[in-house]
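Since the structure of chain C is already known, use the hints to place chains B and Z on it.
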Amino acid sequence: MPWIFRQLVRLVVVLFCVTLLTYMIVNILPGDVAIVILGNLATPEDIAGLRKDLGLDRPMLVRYFDWLGSALSGDLGRSYRNGEPVVQAILDRLPVSLQLMVMAQVIALGIAIPVALLSVRRPGGIFDRISASAAFGFLAMPNFMLGIVLIYLFSVTFDLLPATGFTPMSEGLWDNFVSMILPSMTLGLIEWTVLMRVLRSDLLTTLKEDFILLARAKGLPPWRVLLQHALRPSSFTLITILGLNIGGLIGGAVIVEQIFALPGVGRLLLGGIFNRDLILVQGTVAFIAVGFVVINFLVDMLYAVLDPRVRHVRFRS
Amino acid sequence: MSASAAKSTVVAATRPRRRWHWALALPLGWLLLVVFLAITADWIGLPDPSAQELILRRKPPSAEYLLGTDNLGRDMLSRIIYGARTSLIVGICAPFLGFLVGGAIGMSAGYFRGKIDLLAVGFIDILLAFPSLVLALTFTAYLGQSLFNVTLALGILSIPAAARVSRANTLAWANRDFVLAARTIGASNWRIITREILPNLLPPMFAFWLVAISVIIVAEGALSFLGLGIPAPQPSWGGMIADGREALDVAPHTALIPAAVMFATVLSLNFVGDMVRNMVDPRRSAL
Amino acid sequence: MSGAPLLSVREARVGFFTARGPLRAVDGVSFDLQKGQTLGIVGESGSGKSVLVRSLIGLVSESSGAEVGGQVLFEGRDLRALPAREFRGVLGRDIGVVFQDPMTSLNPVMKIGRQIGEGLRLNRGLDAKAAAVRAVELLTEVGIPEAERRAGQYPHELSGGMRQRVAIAIAIACAPKLLIADEPTTALDVTVQRQILDLLQREQRERGMAMILITHDLGVAAGRADDIMVMYAGRAVEMAKTRELFRSPRMPYTEALLRSLPRLTDPTHTRLSAIPGRPPDLARRSGGCAFAPRCSYRTTRCDEEQPVQTWEGARGYACFHPRGVNA
Chain C
1 MPWIFRQLVR
11 LVVVLFCVTL
21 LTYMIVNILP
31 GDVAIVILGN
41 LATPEDIAGL
51 RKDLGLDRPM
61 LVRYFDWLGS
71 ALSGDLGRSY
81 RNGEPVVQAI
91 LDRLPVSLQL
101 MVMAQVIALG
111 IAIPVALLSV
121 RRPGGIFDRI
131 SASAAFGFLA
141 MPNFMLGIVL
151 IYLFSVTFDL
161 LPATGFTPMS
171 EGLWDNFVSM
181 ILPSMTLGLI
191 EWTVLMRVLR
201 SDLLTTLKED
211 FILLARAKGL
221 PPWRVLLQHA
231 LRPSSFTLIT
241 ILGLNIGGLI
251 GGAVIVEQIF
261 ALPGVGRLLL
271 GGIFNRDLIL
281 VQGTVAFIAV
291 GFVVINFLVD
301 MLYAVLDPRV
311 RHVRFRS
Chain B
318 MSASAAKSTV
328 VAATRPRRRW
338 HWALALPLGW
348 LLLVVFLAIT
358 ADWIGLPDPS
368 AQELILRRKP
378 PSAEYLLGTD
388 NLGRDMLSRI
398 IYGARTSLIV
408 GICAPFLGFL
418 VGGAIGMSAG
428 YFRGKIDLLA
438 VGFIDILLAF
448 PSLVLALTFT
458 AYLGQSLFNV
468 TLALGILSIP
478 AAARVSRANT
488 LAWANRDFVL
498 AARTIGASNW
508 RIITREILPN
518 LLPPMFAFWL
528 VAISVIIVAE
538 GALSFLGLGI
548 PAPQPSWGGM
558 IADGREALDV
568 APHTALIPAA
578 VMFATVLSLN
588 FVGDMVRNMV
598 DPRRSAL
Chain Z
605 MSGAPLLSVR
615 EARVGFFTAR
625 GPLRAVDGVS
635 FDLQKGQTLG
645 IVGESGSGKS
655 VLVRSLIGLV
665 SESSGAEVGG
675 QVLFEGRDLR
685 ALPAREFRGV
695 LGRDIGVVFQ
705 DPMTSLNPVM
715 KIGRQIGEGL
725 RLNRGLDAKA
735 AAVRAVELLT
745 EVGIPEAERR
755 AGQYPHELSG
765 GMRQRVAIAI
775 AIACAPKLLI
785 ADEPTTALDV
795 TVQRQILDLL
805 QREQRERGMA
815 MILITHDLGV
825 AAGRADDIMV
835 MYAGRAVEMA
845 KTRELFRSPR
855 MPYTEALLRS
865 LPRLTDPTHT
875 RLSAIPGRPP
885 DLARRSGGCA
895 FAPRCSYRTT
905 RCDEEQPVQT
915 WEGARGYACF
925 HPRGVNA
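First to last, the protein sequences are chains C, B and Z. Counted the way my numbering counts, the first sequence spans residues 1 to 317. Counted the way my numbering counts, the second sequence spans residues 318 to 604. Counted the way my numbering counts, the third sequence spans residues 605 to 931.
What the hints contain is simulated information worked out from the structure, not anything from laboratory work. Glycine included, C-beta positions come from ideal geometry on N, C-alpha and C. Do not rely on the hints blindly, as some may be mistaken.
Said to hold, decoys possible - Here are some of the chain C residues that sit facing chain B, going by a computed Cβ distance under 8 angstroms:
hint : residue
1    : L11
2    : V14
3    : M24
4    : V26
5    : V87
6    : L118
7    : F136
8    : F144
9    : I148
10   : F154
11   : V156
12   : V293
The shape of chain C in the complex, shown without the other chains:
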């Protein structure tokens, strides 16, 4: 399969560039790392010593390949602050972030798909217009703002859900679920708007196709025409957008984890930034970027599986 091979090569190249860029941002931006770590009051000797310890006196590319080499063997270094291995720190917090994003995505799709299906039954009808306005409104809500509003509504005013704090799965699935509702709603309630718009517009295009007429001519009831014939061929852009939006979702997760005090990767990154914990930041950013690239790659593959035409036709670069 030359196509999949080319995609893999591309993936590797992108991963290489992404990690290199991460390394560069963290390492060449102004402010000597050693000074950043030691503070402005450090003596020149201290700085020189630390630079040597860190290997900062060598050329950056050399250092990058060193770092890449150990990264490939699963070592992203240790935190300056507490000496914890960065990989371990990330893996400890990853489940929380993943749970948050999966739940958010489920909420988003759970709203977007039914709303899109209902609104194309009568384009321009009352439901369509109300849902379009709602989507327009939610789209204009920054997630940090929606998070605050949700806390105000559900925790402060009605006292239904916890405002902050995280219950790990090990301490009860239900409590864990409850503690994740508001955070994932914060992301999902914004995300659905984009998905709904894309799906709605693709559905409208699909519904004009002859094969939809044929399905109706077979005597299929409208809902079956929608679900069995229109939905799947209309979902390809949706899947692409799902992949692309994961970037936004990751960014959103950073904010939401901060608002709701969830011990996720985003909060780890923020802590690293506030603490000037360079190795930690470098490892976390690289991890997030690599994860994002790989997920997008997988989404592209999924696309090929879902659309039988792609396997034959869309063998493009």
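Structure of chains B and Z alone, referenced to chain C:
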């Protein structure tokens, strides 16, 4: 069989076309108000947005403090108006910066194709491979927090989008007959780009810029909310919301008022942006 | 005509709302179709023939933004008055449809066997397994080799001609009483057009179905239709037994259509005559005969007055200056 051409019933009149003018007044009016206040903030007798009055902290809106006071007893109205200034400066300048760089990259990629295109697309892909907020965080964290650096970081973030828009449009225009015609009469590349392509590129870029403003305002808000944007005493909507979050139970107005202002502004910008985009590109109006 | 017709259409009308104003795509068309007979509906693109037929079977309807009028009786039942559920039953069981372009009329992401079996399961109550078996039988019947393997493939894996055969298999799956073929060969290679038409005709004869064959090509309808209805600008301008229509067209438009057909009796390299002008803009109708601007027999009356259908026994036409009649 029988048939007779019956007098056809008159088909009902066409459906009324959407009327935009009144619907546009509200968002446009709000934006004008925000811009006006942000510009004239120094001359309309506002209290110092950084002046603390600790005895009067978290006061609800009153005649003296129209929008109340925040955690440190600072006047919310004044802070919101000065915050608008921050939001607008970043929101307008950052995409403009991105569009200068990204526009140039995209135009040369779309016009010259070949290796330049490959390089540009690769560059765009790499930048897009980062979740944008994470990239912005990292940039501001290491550049240091200041209005300029936040603008710079968010400007860099808007490069890929700008490059994509300009590349796609350049590709579309570069093969039009009038460009080919210009080439056959021996016009230089520079002349073709500046005279034939650039003018056609401006409307979609402008429409995109409008959309980018709201995106960047939100991004600036997010950075400031996380405490990595505009440094502390300087008011910023995102920072105000973050401050207010701590007193959500006792003084919800400290978070909800800046949130509402930000929401109204972003909503208005999206509204106006959508309409401009529909005017520029009628094909998109369906979405 | 004798006996109760299978399909009886009275004063069918379809209007659309467009950006340029209301548009009457079909304007008072009536016809009857007997069991087992074939009606050819002939007209240029935009003459309203597809819209007419789609409106009869509810594919163009109020819910899709059209204004639909007139009466449609199928086996004596008023289709438009039927509750949606019953109507879908009639549509699925008793009426089969083949569309123009098999590239677009088959669902690209559903296996062929399932697309054929779907109607059987819904309308004939077959279970999934029986439907799959029947689908393979149907594929064989419409002349697809290796039917079993094909049933598991997706439409894009088949050639255009094959796909149209699949479409026919779908249409005849539930043993309908009426088959509607909407330009079934227009999108196909010339070499397979004939095969598809022959297949349609064979199925029709063997199953005793009635058929509506929509085409812009009088030549296609010539050997296959019992009756022909010529449409122009949303109206039925002439209707006759096929032989009579070819022998002596009444309407100048039909005459012009016939002249644009190549004939074997013509010397080679004879120029075919095209009809001058363009079909009228349906959103800007004049008060007179729609064909008048392109008609060589036009008089002032044609511009001012709409000709009504004149009947000579079973054949009818809408013209003030019919050919072959001493007017």
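Here's how the hints hold up against the structure:
no., hint, result
1, L11, "violated, 10 angstroms"
2, V14, "holds, 6 angstroms"
3, M24, "violated, 11 angstroms"
4, V26, "holds, 7 angstroms"
5, V87, "violated, 18 angstroms"
6, L118, "violated, 18 angstroms"
7, F136, "holds, 7 angstroms"
8, F144, "holds, 4 angstroms"
9, I148, "holds, 5 angstroms"
10, F154, "violated, 12 angstroms"
11, V156, "holds, 5 angstroms"
12, V293, "holds, 5 angstroms"
Taken one by one, the earlier hints fail for this structure at numbers 1, 3, 5, 6, 10, listed in ascending order.
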